[in-house]
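Peer 1: Letter by letter, the chains look like this.
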Amino acid sequence: MELILDILLNPVVIALLKIVVIVLVFVAATGTVMTLMERKWMSAVQDRIGPNRANIPFLRDFRGRGALHMAADGLKSIFKEDTVPEGVDLVIFTIAPFFGFISAVVIWAVIPFAAPIGDFTFQITDVNIGILLVFAVTSLGIYGTVLAGWSSNNKFALLGAARGTSQMLSYEIFLGLSLVGVFMVNGSVQVSILVANQNTYWFGDVIPKWGLFTQPLAFVMFFTAMLAEAKRLPFDAPEGESEIIAGYFMEYSGMRYAAFMLAEYIAMVGIAALVTTLFLGGYHVPWLHAEGFQIFGWFMAVPVWLVSALQILAFVGKIIFFCWLIIMVRWTIPRFRFDQIMELGWKKLLPLSLANIVLTALVLLAVDNWNL
Amino acid sequence: MGLKFPSAESFVTSRLDEVINWSRKFSLFQYPFVTACCGMEFMAVYGPHYDGARFGSEIPRFSPRQADLLFVVGTVNHKMAPILKRVYEQMAEPKWVIAFGACASSGGFYQNYSTVPGIDRILPVDVFIAGCPPRPEAVLDGIIQLQKQIQDKDSGPSGFSGINPRQTKEELLLSRE
Ligand code: SF4
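Line by line, the protein sequences give chains U and G.
For reference, each letter of the first sequence is one residue, going 1 to 372 in the numbering used here.
For reference, each letter of the second sequence is one residue, going 373 to 549 in the numbering used here.
These aren't lab readings, by the way, just hints derived from the structure by calculation.
Model, not experiment: these values are computed from the prediction.
Don't take every hint at face value.
As the list claims (entries may be wrong) - Which bits of chain G does chain U cover? Going by a derived footprint, with three or more residues having C-beta under 8 Å, they are:
| no. | segment |
| --- | --- |
| 1 | 418-425 |
| 2 | 498-508 |
Said to hold, decoys possible - In silico DMTMM-like cross-links for lysine to aspartate or glutamate, where the CA-CA straight-line distance does not exceed 25 Å:
| no. | chain 1 | residue 1 | chain 2 | residue 2 |
| --- | --- | --- | --- | --- |
| 3 | U | K155 | G | D513 |
| 4 | G | K451 | U | E241 |
| 5 | G | K457 | U | D82 |
| 6 | U | K40 | G | E430 |
| 7 | G | K520 | U | E81 |
| 8 | G | K451 | U | E243 |
| 9 | G | K520 | U | E86 |
| 10 | G | K457 | U | D61 |
| 11 | U | K40 | G | E509 |
| 12 | G | K457 | U | E241 |
| 13 | G | K451 | U | D126 |
| 14 | U | K40 | G | E461 |
| 15 | G | K457 | U | E81 |
| 16 | U | K155 | G | E509 |
Just so you know, even glycine gets a beta-carbon here, dropped at the ideal spot from N, CA and C.
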């Protein structure tokens with residue numbers, strides 16, 4: 001009995017369990033559901049009904065409002081022919097889809113789901129380089145694009161890869177720069193500290209110091225840069241039906257193609273989680289402290305387990321909100337031309353992010369000097 | 373006692389076939405090969421009013437490797453025919469073809485030297501949709517018919533994907549001659 005408890009409470013085992021629960025259950029499931037939600041929400045924007053016919057005949061034609069289309073897409077991809085065109089570099093062709101996956105999944109290593117209870121953290125690992133690790137790993141995603149385009153032995157795939165790379169590389173620069181302001185305000189890049197600092201309040205305990213309020217400019221820029229990093233519309237230069245067809249993954253069929261698509265949606269959920277963590281207070285429910293709600297001197301005690309449950313719920317809710325926002329951006333803003341993407345990046349966002357750093361420094365200096 | 377059950381093996385495979393076909397019919401990624409005026413009606417089918425997306429067939433994949441359903445919409449002339457055939461050949465199995473409108477089905481009113489009199493001269497077509505252009509309801513009916521064909525077919529790979537299940541391969545070859 002003791003041995004079993006020892007094994008179960010081993011930090012390695014706990015970390016593995018967290019990985020399974022967070023990555024395999026939560027992330028994979030949300031990513032898959034988002035493929036359907038994209039179609040449903042797009043239909044709502046366009047005043048349509050959207051997919052709803054897939055049914056289970058022997059369960060009284062159960063349809064679940066189209067939820068089964070998700071299963072149909074997945075199953076079909078598995079049983080679709082796996083084409084490998086002539087002249088393909090097979091090893092690279094095979095591993096390319098995984099780069100996108102890895103970069104989309106590793107983000108979750110540092111994302112906290114709720115406030116720690118004693119020694120137990122709701123976070124796979126709380127490394128002190130935190131966000132820097134995220135930057136390092138997300139830039140791996142570029143390799144997926146390049147290698148897929150390069151190994152496919154197809155002009156259009158190569159052109160798509162070139163376009164994708166130049167877009168992702170240029171947006172990487174102020175992806176980092178836009179967050180410098182956040183690091184300056186918090187004096188740390190460790191995720192747990194960044195989140196904990198956002199649960200302090202202005203004016204007694206009224207307005208939470210969420211990143212959204214302390215660094216509004218950074219929020220907009222980071223969100224934009226992240227969209228471009230994930231190649232989501234309006235920044236989808238790597239794809240373009242009229243010029244380069246499906247872009248860098250055009251030679252992939254069946255499950256390999258599905259892997260690219262799934263990675264895109266998982267990356268979308270990852271972006272939502274990252275933006276939530278950095279700018280929307282992460283798992284924080286406003287005015288909910290470790291002991292209970294507290295606002296204007298009014299206090300209500302809440303048991304510990306309920307606090308954690310509420311925090312997880314709030315976190316998931318915020319993620320879903322941002323996923324919704326990303327999809328709405330896609331279906332309301334027209335697609336940018338390639339030169340427009342570059343112009344927005346280099347001529348507008350880059351100076352703006354530099355200005356944000358200077359401004360933040362000035363404000364911090366003023367606050368320190370005059371004790372504002 | 374008097375009952376005879378099918379062997380467990382055939383039961384499993386037939387159920388699997390059913391499930392695979394079920395998934396295929398509700399996930400028809402389409403390749404719209406739009407060449408002429410029928411395209412307007414094609415857009416209407418996937419627009420708000422008729423919403424072909426309800427059948428799970430709305431996702432356009434312009435890479436033939438990722439498409440399941442080739443929509444040939446409009447007139448195909450002799451110069452275009454090899455390209456159409458090449459697109460079809462590049463598609464990954466299983467694949468289906470819908471001839472959308474009179475021109476794609478039979479050449480329509482173009483009785484001349486330049487038009488292919490029906491794309492079934494070059495591709496195996498699963499569903500012909502009549503009309504010049506067809507009404508969106510007719511197109512939706514065509515999609516539903518294709519879904520029925522897919523559900524009834526064996527899911528194994530075949531050189532002639534999506535032939536009429538009641539037609540053998542020899543009959544089909546004969547009818548093409
Ligand atoms: S069938 Fe009629 S509407 Fe369609 S492409 Fe031919 S001429 Fe145009």
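Peer 1: A separate judgement is required for each hint: does it hold in the structure or not?
Peer 2: To see whether the hints hold, each was checked on the structure:
1. As drawn, the segment 418-425 of chain G meets chain U at 4 residues by the rule of a beta-carbon pair under 8 Å; at three or more, the given contact holds.
2. Counting residues of the segment 498-508 of chain G whose CB lies closer than 8 Å to any CB of chain U gives 0, which falls below the minimum of 3, so the coverage claim is violated.
3. Pair hint K155 of chain U plus D513 of chain G does not hold up; C-alpha atoms about 38 Å apart against a cutoff of 25 Å.
4. The straight-line distance between the Cα atoms of K451 of chain G and E241 of chain U is roughly 22 Å, inside the 25 Å bound, and the hint therefore holds.
5. Distance check on the hinted pair: K457 of chain G and D82 of chain U sit about 20 Å apart at the alpha-carbon level, within 25 Å; holds.
6. For the proposed pair K40 of chain U and E430 of chain G, the alpha carbon gap of about 12 Å is at most 25 Å, so the pair holds.
7. The suggested pairing of K520 of chain G with E81 of chain U holds, with an alpha-carbon distance near 21 Å, which does not exceed 25 Å.
8. This hinted pair checks out: K451 of chain G and E243 of chain U have alpha carbons roughly 21 Å apart, not beyond 25 Å.
9. With a C-alpha separation of about 35 Å, the suggested pairing of K520 of chain G with E86 of chain U is violated against the 25 Å cut-off.
10. Between K457 of chain G and D61 of chain U, the direct Cα distance comes to roughly 38 Å. Violation of the 25 Å bound is thereby established for this hinted pair.
11. With a C-alpha separation of about 22 Å, the suggested pairing of K40 of chain U with E509 of chain G holds against the 25 Å cut-off.
12. Distance hint between K457 of chain G and E241 of chain U is fulfilled; the C-alpha atoms sit about 20 Å from each other, no more than 25 Å.
13. Proximity of K451 of chain G to D126 of chain U is assessed by CA-CA distance (about 63 Å); at most 25 Å being required, the pair is judged violated.
14. A threshold of 25 Å between alpha carbons decides the hint, and for K40 of chain U with E461 of chain G the separation of about 32 Å lies outside it, so the pair is violated.
15. Of the supplied pair hints, the one linking K457 of chain G and E81 of chain U holds, its CA atoms being roughly 19 Å apart against a limit of 25 Å.
16. Between K155 of chain U and E509 of chain G, the direct Cα distance comes to roughly 40 Å. Violation of the 25 Å bound is thereby established for this hinted pair.
In summary, the numbered hints that this structure violates are 2, 3, 9, 10, 13, 14, 16.
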